[in-house]
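Colleague: So the chains spell out like this:
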Amino acid sequence: MISQFAIVLFDGFAFGMLLFVLSVGLSVTMGLMNFINLAHGAFGMLGGYVAVTLMRQMGMPFLAALPCAFFAAALLSIVLERTLFRRLYRAGELNQVLFTIGSVFVAAAVATYVFGTVQQVIPMPSWLRGSVEVLGLRLNVYRIFIIAVALAVTALLVFGLERTRLGAQVRAAVDNQRVAQGLGMDVERIFAVTFALGSGLAGLGGALAVEIVGLDPSFGFHYLVYVLIVVAVGGLGSVTGSFVGAALLGIGDVAGKYFMPEVGSFLIYLIMVAILFVKPLGLFGKR
Amino acid sequence: MFKKTALAALGLGLALSTSAYAQETIKVGLILPYSGPFADAANQLEAGVNLYVAKHGDTVAGKKIEFIRKDTGGPNPDVAKRLAQELVVRDGVDIIAGFALTPEALGAADVATEAKKMMVVMNAATSVVTEKSPYIVRTSVTIPQVNYVFGKWVAEKGGVKQAYTLVADYGPGLDAEKSFAKGFTEAGGTIVGADKTPVANPDFSAFVQRVADAKPEAVYIFIPGGAQPAAMGKALADRGLTPPNVKLFGQGELTHPEALESMGDTANGIITTFHYTLERDDPMNKEFVDGYHAANNGRSPDLFSIGGYDGMHLIYETLKKTNGDASGDALVEAAKGMAWQSPRGPMSIDPETRDVVQTVYIREVQKVGDKLQNVIIDQIADVKDPNHGAAQ
Amino acid sequence: MTNAALTPDPHAWLKARGRWSPFEIAFWAATLLPFFFFPSYLPLASQIAIAALFAISVDLVLGYAGIVTLGHAMFFGIGAYAAGIISSRYGWTEPLTGLLFAGLVAGAVGFIASFLIVRVQHLALLMITLGLGLLTYELANAMSWLTGGTDGLMGIDIAPIFGVFNFDLWGRTAYAYSLAGLFVGFLLSRRIVHSSFGLALRGVRENVRRMPAIGSEHRVHLQKIYTISAALAGIAGALLTQTTETASLQTLNFERSADVVVMLILGGTGRLYGGILGAAIFMIARDQLAGINPQYWYFWIGFLLMLVVLTMPKGILGGLARLAGRRDE
Chain A
10 MISQFAIVLF DGFAFGMLLF VLSVGLSVTM GLMNFINLAH GAFGMLGGYV
60 AVTLMRQMGM PFLAALPCAF FAAALLSIVL ERTLFRRLYR AGELNQVLFT
110 IGSVFVAAAV ATYVFGTVQQ VIPMPSWLRG SVEVLGLRLN VYRIFIIAVA
160 LAVTALLVFG LERTRLGAQV RAAVDNQRVA QGLGMDVERI FAVTFALGSG
210 LAGLGGALAV EIVGLDPSFG FHYLVYVLIV VAVGGLGSVT GSFVGAALLG
260 IGDVAGKYFM PEVGSFLIYL IMVAILFVKP LGLFGKR
Chain B
7 MFKKTALAAL GLGLALSTSA YAQETIKVGL ILPYSGPFAD AANQLEAGVN
57 LYVAKHGDTV AGKKIEFIRK DTGGPNPDVA KRLAQELVVR DGVDIIAGFA
107 LTPEALGAAD VATEAKKMMV VMNAATSVVT EKSPYIVRTS VTIPQVNYVF
157 GKWVAEKGGV KQAYTLVADY GPGLDAEKSF AKGFTEAGGT IVGADKTPVA
207 NPDFSAFVQR VADAKPEAVY IFIPGGAQPA AMGKALADRG LTPPNVKLFG
257 QGELTHPEAL ESMGDTANGI ITTFHYTLER DDPMNKEFVD GYHAANNGRS
307 PDLFSIGGYD GMHLIYETLK KTNGDASGDA LVEAAKGMAW QSPRGPMSID
357 PETRDVVQTV YIREVQKVGD KLQNVIIDQI ADVKDPNHGA AQ
Chain C
37 MTNAALTPDP HAWLKARGRW SPFEIAFWAA TLLPFFFFPS YLPLASQIAI
87 AALFAISVDL VLGYAGIVTL GHAMFFGIGA YAAGIISSRY GWTEPLTGLL
137 FAGLVAGAVG FIASFLIVRV QHLALLMITL GLGLLTYELA NAMSWLTGGT
187 DGLMGIDIAP IFGVFNFDLW GRTAYAYSLA GLFVGFLLSR RIVHSSFGLA
237 LRGVRENVRR MPAIGSEHRV HLQKIYTISA ALAGIAGALL TQTTETASLQ
287 TLNFERSADV VVMLILGGTG RLYGGILGAA IFMIARDQLA GINPQYWYFW
337 IGFLLMLVVL TMPKGILGGL ARLAGRRDE
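Chains as they are written, first to last, in the working numbering: chain A, 10 to 296; chain B, 7 to 398; chain C, 37 to 365.
Worth flagging that the hints you see were computed from the coordinates, not collected in a lab.
For each residue, glycine too, the CB sits at the ideal point set by N, CA and C.
Hints are supplied without guarantee of correctness; some may be wrong.
[Said to hold, decoys possible] Just the calculated beta-carbon pair ranges, DEER-fashion: (1) B:Asp271 <-> A:Asn185: 29 to 35 Å; (2) A:Glu271 <-> C:Ile328: 44 to 50 Å; (3) A:Val150 <-> C:Gly127: 34 to 40 Å; (4) A:Met69 <-> B:Asp271: 19 to 25 Å; (5) C:Gly127 <-> B:Lys61: 48 to 54 Å; (6) C:Glu253 <-> A:Glu271: 39 to 45 Å; (7) A:Met69 <-> B:Ile383: 35 to 41 Å; (8) B:Glu137 <-> C:Arg358: 52 to 58 Å.
One chain only, chain A, in its complex shape (with noise of 0.2 Å):
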């Protein structure tokens, strides 16, 4: 019974940890400049397609992959921000909304007709594949690579906040946008970095989800409502509220399935709302 409960653990754990990775960039960006950007999940679509294309294509490594895959959603992303994005800043929260889900339409299209319907497959190295066994447990290879990946992701990011100039730019532009203006920090220029790292992650989470969960071209609006519950219940702006929240929501939504299969799939939501209900801003939101 607890090697059992042992392993739904490690399962739930691994899994919210995808979605940590998925969706950390949007919570950041979203406390920094209350931008919702709806098209995060297609970034990490993006970072899926790039990573299965190199590896099918041109032979390249895993390992090798999943860096093109954060660059090169980290690169479009940039590039959309300079010249749509940045329009939106001050538009309301609707026109975003109806922009960028707009832009998810377009990148779901393009997906089609570049890569067709047809579910993805990657072609993962053999040292990933299959299970070890770790004090009694059998323990998924390639989980425990996500949640080595995600810790290390997490461990980048609270030093880069803690420690780095921009971290601290940006800790001030998500605490009070106005002062740190005022104290002559470039928030735009703040805000255009940081949206590029957050959506190099997407690139880097959808790369390393395709062995999971699968890729497809409705990848963008499938997984959009997993981020914005882990955004909304870890608090915006918060790495550390998107990790607990992504954490949370993928215990509760395995261990959920495994006690109480009945009720597994609408658990999430359950506890979702129930979280929002009490504390508005999320676990860990700041405003």
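With the hints as your guide, set chains B and C onto chain A.
Modeller: For chains B and C alone, coordinates are given in the frame of chain A:
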């Protein structure tokens, strides 16, 4: 004002497009989920339709076949009904066809009855579909058709006494669970546990763990095609739930080529039931598969493709039989009892239920050369849907 | 709003706002044109009218009361199933009472949900509406003994309207019925937004904190409008069920919630006509683009949405009003 001009513009297009050649052409309306999460099904089905037309020409009984394609966006019966109405009243189609999903077919059934048009269901696999209109003919498969006999087979020839069922929690999954369990228990087997996974399921690990806890002798699985089979296969492998530790059974989607590629060697030994097998050794099937590969960048045909292909065969052959009379009554009458050799094997249309009768293949995943394949290990000829006529 | 301060008698001002303009009369006259000029587009026109009524119901809460919702399909779907279930399970086939029943059921659920809704704002509000919508969807799937699950509800049969007008293949009855539903729903909404209650709502939208200070019970107001909106959405759903004799899980899904918000913003929020126009443009564009290419039409829809935001930030109706030089609100 805006609305007025927009509609006026539409009206112009309408005037130009309606039935100028009503006598020389036969119009076929294809209603499919071209966009949305089921777009791949629509794509594959249409590729089957196109392949048939490419092979047999676009003229039959002296008349040219013309297609009008309509997108439902998913399992929307209301949209399917509207599109069917439009096809009939605006485009003047003679035959409505397509229908990848059951709700689409159910939505359009009334229109077929009222307009007296033959409706060819090329996929939607719930038993009840053909009972909804006397003008419906089905060329795909029904879920009870392949699963009821499979349940019997598993107990009788598979030598399995106890099984756990794990199915997707939606219409087709529940149908599969019910008919498999019926066949299995009738032949002396016992169902030791049953779980249902949400249709939009990103992660199977919790359910697979429940199965592992029960330590069953065998597991029966039904999940929709696409990304889920591979995910399911991997989750099972993580728990050591693979043959020979445990016997795995399922409907054919579970081991489609992309899923096998993604699952790797852990898929070895999974036994599935299906009406179409890509690798079936048969000259007609080989020609079909080769033609399909050539026309679709190497993509393999699947159940949707074969449903579309045979659907077109039915349309062509019935038109030949009626000498080009495309009235619904004549076509449906011609379709009843029609039998032919398909790439899937011998099949026919039951004259009473207008539903498909065909061979069900039992296949096992085996390594052939260095590739995993579904190898046919047994077949059951002339299987009908077991539910028709039974009280619902 | 500034005009209000200048006009001495608020009731006279409200009355003036509520007067019918020639534009409006011409608009409603134009809705009859499809009967004569586009008879083969009536099934589409009927579903546009239903989507428009749904959009109006969302406009009442989003445009007039500032409640951003991503879950309104739950009321549309509850209405759709209510109308379908009394017909298929209990044999009640009379359409008008069925419509009323659906509105009552959806309104009752809306009233219960409103206790939750009025206590949250911003992102939490968005996510709670979304969460409730997804919950309802999953519940309807789980209760397949009642709803028919993913196959949809079967056996819906609707009697002719007034015992005379049968739902025909051309969709004449369907369009007349849906249009009548839209018009009645519109009249009701129009009356609400041009009443003092409507004004109070706009006050809440503009500044939640100030309303209690001037003695306005904003939560009660919000609950009231949310309930009315839910009932209207339910009636829209019931219209879809009755005109197509189908009810499926798709009436409840997230996509429908998102689409209706898109239609509303596209047309312009806080104007009632914005929802109607947005629904018409969105659905006609979708129908025509999908007719040209059923596989990639949504590329152009997405393009259209992005273009509208960049060129007409207040929606199409807002853009038109600006072009015509008419100031809004």
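Colleague: Could one say that the CB atoms of Val150 of chain A and Gly127 of chain C fall in the range 34 to 40 Å?
Modeller: With a Cβ separation near 58 Å, Val150 of chain A and Gly127 of chain C fall outside 34 to 40 Å, so the hint is violated.
Colleague: Taking 35 to 41 Å as the hint, is the beta-carbon distance of Met69 of chain A and Ile383 of chain B inside that range?
Modeller: 39 Å, holds
Colleague: Is it true that Met69 of chain A and Asp271 of chain B lie within 19 to 25 Å of each other by Cβ?
Modeller: 24 Å, holds
Colleague: With respect to the beta-carbon atoms only, verify the hint that Glu137 of chain B and Arg358 of chain C lie 52 to 58 Å apart.
Modeller: Once the Cβ atoms are compared, 56 Å apart, the range 52 to 58 Å for Arg358 of chain C and Glu137 of chain B holds.
Colleague: Note whether the CB distance of Asp271 of chain B and Asn185 of chain A lies within 29 to 35 Å or breaks it.
Modeller: 57 Å, violated
Colleague: For the pair Glu253 of chain C and Glu271 of chain A, does the Cβ-Cβ distance stay inside 39 to 45 Å?
Modeller: 41 Å, holds
Colleague: Between Gly127 of chain C and Lys61 of chain B, does the C-beta distance stay in 48 to 54 Å?
Modeller: Since the Cβ atoms of Gly127 of chain C and Lys61 of chain B sit about 50 Å apart, the hinted range of 48 to 54 Å holds.
Colleague: Against the range 44 to 50 Å, how does the distance between the Cβ atoms of Glu271 of chain A and Ile328 of chain C compare: consistent or not?
Modeller: 45 Å, holds
Checked against the numbered hints above, the structure violates hints 1, 3; every other hint is satisfied.
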